[in-house]
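So the sequence lines, in the order shown, correspond to chains A and B.
Quick note: the first sequence uses my numbering, first residue 1, plus one each step.
Quick note: the second sequence uses my numbering, first residue 1001, plus one each step.
Don't read these hints as lab results, they were simulated from the structure.
C-beta: ideal position from N, C-alpha, C; glycine also.
Hints may contain errors.
Stated by the list, open to error - Result set (DSS-like, lysine-lysine): computed pairs, CA atoms no more than 30 Å apart in a straight line:
{"no.": "1", "chain 1": "A", "residue 1": "LYS189", "chain 2": "B", "residue 2": "LYS1052"}
{"no.": "2", "chain 1": "B", "residue 1": "LYS1052", "chain 2": "B", "residue 2": "LYS1085"}
{"no.": "3", "chain 1": "B", "residue 1": "LYS1057", "chain 2": "A", "residue 2": "LYS189"}
{"no.": "4", "chain 1": "B", "residue 1": "LYS1074", "chain 2": "A", "residue 2": "LYS257"}
{"no.": "5", "chain 1": "B", "residue 1": "LYS1084", "chain 2": "B", "residue 2": "LYS1131"}
{"no.": "6", "chain 1": "B", "residue 1": "LYS1107", "chain 2": "A", "residue 2": "LYS257"}
{"no.": "7", "chain 1": "B", "residue 1": "LYS1052", "chain 2": "A", "residue 2": "LYS127"}
{"no.": "8", "chain 1": "B", "residue 1": "LYS1131", "chain 2": "B", "residue 2": "LYS1068"}
{"no.": "9", "chain 1": "B", "residue 1": "LYS1084", "chain 2": "B", "residue 2": "LYS1107"}
{"no.": "10", "chain 1": "B", "residue 1": "LYS1215", "chain 2": "B", "residue 2": "LYS1233"}
{"no.": "11", "chain 1": "A", "residue 1": "LYS73", "chain 2": "B", "residue 2": "LYS1215"}
{"no.": "12", "chain 1": "B", "residue 1": "LYS1052", "chain 2": "A", "residue 2": "LYS233"}
{"no.": "13", "chain 1": "B", "residue 1": "LYS1107", "chain 2": "B", "residue 2": "LYS1057"}
{"no.": "14", "chain 1": "B", "residue 1": "LYS1057", "chain 2": "A", "residue 2": "LYS134"}
{"no.": "15", "chain 1": "B", "residue 1": "LYS1104", "chain 2": "B", "residue 2": "LYS1084"}
{"no.": "16", "chain 1": "B", "residue 1": "LYS1215", "chain 2": "B", "residue 2": "LYS1241"}
{"no.": "17", "chain 1": "B", "residue 1": "LYS1215", "chain 2": "B", "residue 2": "LYS1107"}
{"no.": "18", "chain 1": "B", "residue 1": "LYS1131", "chain 2": "A", "residue 2": "LYS189"}
{"no.": "19", "chain 1": "B", "residue 1": "LYS1098", "chain 2": "B", "residue 2": "LYS1215"}
{"no.": "20", "chain 1": "A", "residue 1": "LYS73", "chain 2": "B", "residue 2": "LYS1241"}
To be verified - To list a few chain B residues with every Cβ distance to chain A over 10 Å, as calculated:
{"no.": "21", "residue": "ALA1059"}
{"no.": "22", "residue": "ASN1066"}
{"no.": "23", "residue": "LYS1104"}
{"no.": "24", "residue": "LYS1107"}
{"no.": "25", "residue": "SER1110"}
{"no.": "26", "residue": "THR1111"}
{"no.": "27", "residue": "ASN1122"}
{"no.": "28", "residue": "ASP1128"}
{"no.": "29", "residue": "LEU1171"}
{"no.": "30", "residue": "ASP1173"}
{"no.": "31", "residue": "ASP1185"}
{"no.": "32", "residue": "SER1238"}
{"no.": "33", "residue": "LYS1241"}
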Amino acid sequence: MKSAFRTALILTTTLSHRSLNPNPITLLSLSTAVVSLPLNSTTTATRRTTHCNHLFASMAGGDSSPTSAAVEKQFDEFRHRLEESGSLRDRIRAVATEIESTTRIMHSSLLLIHQSRPIPEVLEKAKTQIDVLKQLFSQLGEIVRESPGQYYRYHGDWRTEAQQVVSLFGFMHWLETGDLIIHTEVEEKLGLNASEFGLDVEDYLIGICFMSNELPRYVVNQVTAGDYDCPRKVLKFLTDLHASFRLLNLRNDFLRKKFDGMKYDLRRVEEVYYDVKIRGLASNGDPKGDQTIQET
Amino acid sequence: MLQNWASVHKHLYLMAPKSHRIRQLAESTMQGTGKKPRSITTEAVTPSSSMKDSFSKYAEYLNQFNDKRERVVKASRDITINSKKVIFQVHRISKNNKDEVLEKAEKDLSTVKDQHIARLVNELQGTDFWKLRRAYSPGIQEYVEAATLCKFCTAGTLLNLDEINAMLLPLSDPSSEPLQINILDYILGLADLTGELMRLAIGRISDGELEYAEKICRFVREIYRELTLVAPKMDDSSDMKTKMDVMLQSVMKIENACFSVHVRGSEYIPLIGSDDASYTLLGVPDFE
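With the sequences and hints as input, model every part of the structure.
Quick look at the structure:
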């Protein structure tokens, strides 16, 4: 009896191992195995079929037990709650898409900087979008606050947009002041409050890396337009920035990858600076060129 | 931005011969006037010490957070290992030693909770539940699996999320927000439970406890059916989708095992006689 069970078991487990719908050959081999077993009378056979029917009825009929009602209740609740968080996520995504298109507008107006338009004019145009972004971020904050403590559950849905915003703000701030925008300044500009709905520090840092990617192109175009002092300024800024980033102990993640890319921006700017300097263009444009650096 | 970067790169590549020369030149000048660029660097850093100040703040934040994450990962790993041990203990079940085996399993399970989950709770201290979820989720899933398995074996019912969370409540400091297992981890844990129940069912069948196997079969079917509705709504449903596939395999393995035993069992009974205890469990109407 027991050994028969085992062989049956091994047969089914090995055969049913892979296929979703047991193929007909499996069934066939099983049934021939069954037939070849000593079956002495037709009565046993009929008993077997009735018996099987009885068993299947008992196996299928267990659903009405009280436990399954409790199980069902729990899963209904799960479904309900997951649907809720799903619709919250949809709303977040909708706002994130709007943020994305706003940053695109902002970016395209900032791109005029490469066509040697005066900085104030370019900035003014780009700045018109800041209020729009501020408004969108406050909408986002309101949605996220609906489920307190779950900021990071939905974080992935807006983080790329936030990084883009940081990069644009950083670039604008640098054009205006020559300094790096700091984390709290970005939050301030967006009207964010760290205790409720803040800007993630890693997002800020990644955004800054994106900003550094813009600088080599800016330098090249500025030099072409005759601003020979620009490479020196940018080089100084980027060297500082790179040195500051090296203070961070990074994990092997996206931020690390972006930071590793920054050295290529730095090298490119160094090359432009070198090109300009070796030809004496820098000293022509600004006679005090290097002196200022050494003095300060 | 990426494109921009790529274009810079391409640009560099296109004018490779020139840039190569430039680099050589640059390197030679760097060597020649080794002190000069360095003096620029150091000089340049001093005026912008505010930048360094703010970056040392970020560095501190990142260090603390990464350390925390590492500790949480460690705690999670310990929870996993020890929950696995509980599951193995449950599989040591046989026809005659159920109470004894399950008693030990339950004891081990509460040790996992009191030692390792307590450590996790202590690390998280009511914050970053979602931010660090990836770090502790595997451990929690394994714990859910072990806890629900024990509960099924002792009571034959599904351990609810609320019940597990109620057990975890005393671990948390009343002043901070308590660690509560979220729906996602619970469901992912349940999906793994089916695999363990499949093993248990096969073991029971070969021990002749067909009734028990059928009970497992009904239970697993029920869970699978419920999860089909919930799974697509989960946050990262791709992960869950593979789990659902595996789950269906497990359910079918149990069903097929039950099936073959029924088919063959009914034929064997008249030949073997009625003194084997297991055949009465088959629900065969008495003959003779």
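How the hints compare with the structure:
no. : hint                     : result
1   : LYS189(A) to LYS1052(B)  : 22 Å, holds
2   : LYS1052(B) to LYS1085(B) : 49 Å, violated
3   : LYS1057(B) to LYS189(A)  : 20 Å, holds
4   : LYS1074(B) to LYS257(A)  : 25 Å, holds
5   : LYS1084(B) to LYS1131(B) : 25 Å, holds
6   : LYS1107(B) to LYS257(A)  : 46 Å, violated
7   : LYS1052(B) to LYS127(A)  : 27 Å, holds
8   : LYS1131(B) to LYS1068(B) : 11 Å, holds
9   : LYS1084(B) to LYS1107(B) : 14 Å, holds
10  : LYS1215(B) to LYS1233(B) : 29 Å, holds
11  : LYS73(A) to LYS1215(B)   : 20 Å, holds
12  : LYS1052(B) to LYS233(A)  : 18 Å, holds
13  : LYS1107(B) to LYS1057(B) : 45 Å, violated
14  : LYS1057(B) to LYS134(A)  : 25 Å, holds
15  : LYS1104(B) to LYS1084(B) : 14 Å, holds
16  : LYS1215(B) to LYS1241(B) : 25 Å, holds
17  : LYS1215(B) to LYS1107(B) : 24 Å, holds
18  : LYS1131(B) to LYS189(A)  : 25 Å, holds
19  : LYS1098(B) to LYS1215(B) : 16 Å, holds
20  : LYS73(A) to LYS1241(B)   : 22 Å, holds
21  : ALA1059                  : 5 Å, violated
22  : ASN1066                  : 6 Å, violated
23  : LYS1104                  : 25 Å, holds
24  : LYS1107                  : 25 Å, holds
25  : SER1110                  : 23 Å, holds
26  : THR1111                  : 27 Å, holds
27  : ASN1122                  : 18 Å, holds
28  : ASP1128                  : 7 Å, violated
29  : LEU1171                  : 18 Å, holds
30  : ASP1173                  : 16 Å, holds
31  : ASP1185                  : 12 Å, holds
32  : SER1238                  : 14 Å, holds
33  : LYS1241                  : 15 Å, holds
When held up to the earlier numbered hints, the structure conflicts with 2, 6, 13, 21, 22, 28 and fits the remainder.
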